[in-house]
Amino acid sequence: AQSVTQPDIHITVSEGASLELRCNYSYGATPYLFWYVQSPGQGLQLLLKYFSGDTLVQGIKGFEAEFKRSQSSFNLRKPSVHWSDAAEYFCAVGALTGTASKLTFGTGTRLQVTL
Amino acid sequence: GAVVSQHPSWVICKSGTSVKIECRSLDFQATTMFWYRQFPKQSLMLMATSNEGSKATYEQGVEKDKFLINHASLTLSTLTVTSAHPEDSSFYICSAARQETQYFGPGTRLLVL
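Chains D and X, in that order, are what the protein sequence lines are. Yeah, the first sequence ends on 474 if you go by my numbering, and it's all consecutive. Yeah, the second sequence ends on 457 if you go by my numbering, and it's all consecutive.
Because the hints were derived from the structure by calculation, they are not lab data. Watch out, some of these pointers could steer you wrong.
[What the hints assert, rightly or not] No more than 20 Å apart at the CA atoms, straight line, and that leaves these computed lysine to aspartate or glutamate pairs for EDC-like:
id : chain 1 : residue 1 : chain 2 : residue 2
1  : D       : K408      : X       : E444
2  : D       : K408      : D       : E379
3  : X       : K385      : D       : E447
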């Protein structure tokens, strides 16, 4: 069975500082990996995804993530955080079931940004 | 592109009544949609997979007679919480799949009194 671990429940960074959110996965085959962001009381917005190819993936809002098969990791990074980035971030791994990926989510990391 | 809507955004109902939540993919067709439940400060829990034109597939522990799912068209899936009770109060989120990627709706907050 697949699983996702986000070891950091809560992270606080200063505005303008760099950010790295950790994600480790367990999956028997090549995973489909996703990062989503959720603002309070809202649904999830897709930041970026990795299926194959270049292991460094660029997403929206200046985010990027790097797939490292040897470490079973897919960490999310941003060089300079903005106050509007404060939200909950979820890493997810997908298993292909027919034409759609059934996702397993991590427990999430809450990002707080101080001014 | 890839916009998913949910209606209503929030609903308050009395215990014992049924509540229907709609999930629509606005600018693409979705053969598969998913329904999740999220408790405060927790991750998403997959409830069921909804496939257009066929019966939904429920995750272990989810009562299919309690949470009725209908996927009548390629752009609409509905979740009906039947005979709702206070323990059904939660944040329900749907997603629609376009190829291998799920796009999420804004969620529906249900409060059962």
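Taking the hints in turn, this is what the structure says about them:
1. With a CA separation close to 10 Å, the supplied pair D/K408 and X/E444 stays within the 20 Å bound.
2. Restraint check for D/K408 and D/E379: the C-alpha separation of about 16 Å stays at or below 20 Å, so the hint holds.
3. Simply put, X/K385 and D/E447 have alpha-carbon atoms about 9 Å apart, close enough for the 20 Å limit, and the pair holds.
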